[in-house]
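S.K.: Produce the entire structure from the sequences given, and follow the hints as far as they go.
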Amino acid sequence: MKPNGHEATVEFQEDWAMDGAKIYNIITKKLMAAEPKYYTLTANYTVWYRYKYTVKVNGKRRTRYGTGTESGMVTGKLLVNGTGVDSLSQ
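So for the sequence shown, this note's numbering puts the first residue at 1; every next one is plus one.
Worth double-checking, as some hints may not be accurate.
Stated by the list, open to error - Using C-beta positions, here's what the derived DEER-type ranges look like:
hint: 1; residue 1: T67; residue 2: M32; range: 29 to 37 Å
hint: 2; residue 1: I23; residue 2: Y49; range: 19 to 27 Å
hint: 3; residue 1: A34; residue 2: M73; range: 27 to 35 Å
hint: 4; residue 1: T67; residue 2: N44; range: 57 to 65 Å
Said to hold, decoys possible - With a cut-off of at most 30 Å between alpha-carbon atoms, the simulated BS3-like pairs for lysine-lysine come out as follows:
hint: 5; residue 1: K30; residue 2: K60
hint: 6; residue 1: K77; residue 2: K37
hint: 7; residue 1: K22; residue 2: K77
Note that these hints are calculated values from the structure, not bench results.
Backbone N, C-alpha and C fix where the C-beta goes; we use that ideal spot for every residue, glycine too.
M.R.: If you want it as structure tokens, here you go:
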């Protein structure tokens, strides 16, 4: 997916969860992961960019070019409420 030419790549340490799935464990006779759970996600990013600008030197216009980077970190919460699949163990 590349919205407006931008691209992002993510990698999750875990790629599934059952929080909020309300799956019954017949061995322990209770619900497993009955409640939804918030997970904190953190992403580090770096944006590389190129730009051009015009300056006037001795009455003449000159085009200049430059590059730069901007880095940072953003944190947010993800609510997991169910498995997102049709669990046959319910």
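S.K.: So, for every hint listed, does it hold in this structure?
M.R.: Results for each hint:
The supplied range of 29 to 37 Å is broken by T67 and M32, whose beta-carbon atoms lie about 52 Å from each other. For I23 and Y49, the hinted distance range of 19 to 27 Å is not satisfied, since their beta carbons lie about 47 Å from each other. As the Cβ distance of A34 to M73 is approximately 33 Å, the hint placing it in 27 to 35 Å holds. With their beta carbons about 20 Å apart, T67 and N44 fall outside the hinted range of 57 to 65 Å.
For the proposed pair K30 and K60, the alpha carbon gap of about 80 Å is over 30 Å, so the pair is violated. This hinted pair checks out: K77 and K37 have alpha carbons roughly 10 Å apart, not beyond 30 Å. Between K22 and K77 the alpha-carbon distance is near 21 Å, which keeps this suggested pair within the 30 Å criterion.
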